[in-house]
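Protein chains: 2
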Amino acid sequence: MRLSELSRRSGVSVATVKYYLREGLLAPGTPVTARQAEYDDEHLRRLRLIRALLTVGGMTISQARDVLAVADDPAFGRHERLGIAQYMLPPQVAPPEKDDPQQPEWDATHRQLRDVLADLGWRVNDEAPAINSLTRAVVTLRALGYAFPLDFVRQYALAMHPIAEVELGVIEGYPVLEEAIEASVAYTMLNEPILLALRRLAHEDVSARLHDSGPVRDTDPGGLSSS
Amino acid sequence: MRLSELSRRSGVSVATVKYYLREGLLAPGTPVTARQAEYDDEHLRRLRLIRALLTVGGMTISQARDVLAVADDPAFGRHERLGIAQYMLPPQVAPPEKDDPQQPEWDATHRQLRDVLADLGWRVNDEAPAINSLTRAVVTLRALGYAFPLDFVRQYALAMHPIAEVELGVIEGYPVLEEAIEASVAYTMLNEPILLALRRLAHEDVSARLHDSGPVRDTDPGGLSSS
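Sequences listed follow chains A and B, in order. Per the numbering used here, residue 132 is the first one in the first sequence, and the count goes up by one each step. Per the numbering used here, residue 132 is the first one in the second sequence, and the count goes up by one each step.
Possibly wrong hints are sitting among the right ones.
[Unchecked claim] Computed beta-carbon distance windows for the label pairs:
no.: 1; chain 1: A; residue 1: Ser-193; chain 2: B; residue 2: Arg-153; range: 45 to 51 Å
no.: 2; chain 1: B; residue 1: Pro-235; chain 2: A; residue 2: Ala-225; range: 42 to 48 Å
no.: 3; chain 1: A; residue 1: Ala-206; chain 2: B; residue 2: Glu-296; range: 42 to 48 Å
no.: 4; chain 1: A; residue 1: Pro-280; chain 2: B; residue 2: Ala-278; range: 34 to 40 Å
no.: 5; chain 1: B; residue 1: Pro-235; chain 2: A; residue 2: Pro-280; range: 43 to 49 Å
no.: 6; chain 1: B; residue 1: Pro-235; chain 2: A; residue 2: Glu-173; range: 34 to 40 Å
Keep in mind that the hints were calculated from the coordinates and are not lab data. Using N, Cα and C, we set each Cβ at its ideal position, and we do this for glycine too.
Please work from the sequences and hints to get the whole structure.
Here it is as structure tokens:
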């Protein structure tokens, strides 16, 4: 297909496709004339993946280039090729600097959390970015004076595992690696608000049962405050 | 206690406490002299709650005032007094305008999601803000061409329910209403990154087992892309 059709079928503008070509994210097409090239389904798949990394995954061009480099490197297996994309998704939480007063607390919490995961037998890298996110959240909660026992972490982890199994099942259902990476990025990012919304709805249901109440009344808060 | 001690014990600056007094979020203290007033533990609790609503909960002064109005109104039960705070937390997703081309898709999805919750027997309000967040996320996924069967919603909902039961147990452990509202806001908001980080770690573990691999290698993406 020509560039115009590639653009139409991918939903990515011609100017943007040319930008990805210049940045080396997308391989050049097969030259047909001095000014035209032919693109195939592989270009289309790659373009969809690039779009997912940049728009859904919020990555920079440079991060997307790194993900694609790993995806294209036969030295890596499927686990690593999918994993590197997840590792680059936001939020990227940096540990505190060496002279930060929060650093000892951070280090202790990071170690505690790694121990919880190790006790569960989880095969995760000690340097996984998500352990930094987890550490930041627990340190913040505790700094504000809220208790957060490690047993909560364990219970949350156990509740998340079956969800991850279902999700990985969907992602592994894509035989073509690029489609699997695209699906992994899309479902990781876009399902987050779904999970969080369902947690809030579950809170409402549990509270309604606990207090044997109906759904929260459809109050008019503006009206309430002015009454 | 005097204003300075109230400030010290709550961690809220004197200027900010005065601002809350002017805005009517905090009740005036008992006058001692023409220029001084006495504050008690109830002021301290209220101040901590205000801080949680505004900083952790990201509410505006006006939203916080609405939450406090419901908390103080004996016409409402505990379920509603806790629920109104949750209803005002971000994200607040508005349905599309009547002339938005996405509106029919939105309406159909909103109805499907309400049906899923009804089938589960969940006691939630059809107007719950979290149903809007859920609808927005599902509409976005589908608009990008990703399948999102309603059975996923059901599975996610079932996985979230036991988590919500544990969390409500903690919140209901606070006998004083203001502390319960504060805990509800804090745990709802601050535990979200914890859940999401554990989901990503669970993905890594499930993938490692599936591919019988170790943890994702601690690659140096910068080095990879330049090799």
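Going down the list of hints, with the structure as the test:
Distance hint check for Ser-193 (chain A) and Arg-153 (chain B): the Cβ-Cβ separation is about 49 Å, which falls inside the suggested range of 45 to 51 Å. At about 44 Å, the beta-carbon gap between Pro-235 (chain B) and Ala-225 (chain A) stays in the expected band of 42 to 48 Å. For Ala-206 (chain A) paired with Glu-296 (chain B), a C-beta distance near 46 Å keeps the hint of 42 to 48 Å intact. Take Pro-280 (chain A) and Ala-278 (chain B): their Cβ atoms lie about 38 Å apart, and the range 34 to 40 Å holds.
Judged by the Cβ atoms, the range 43 to 49 Å given for Pro-235 (chain B) and Pro-280 (chain A) holds: they are separated by roughly 47 Å. Checked against the hint of 34 to 40 Å, the C-beta distance between Pro-235 (chain B) and Glu-173 (chain A) comes to roughly 36 Å, which is consistent with it.
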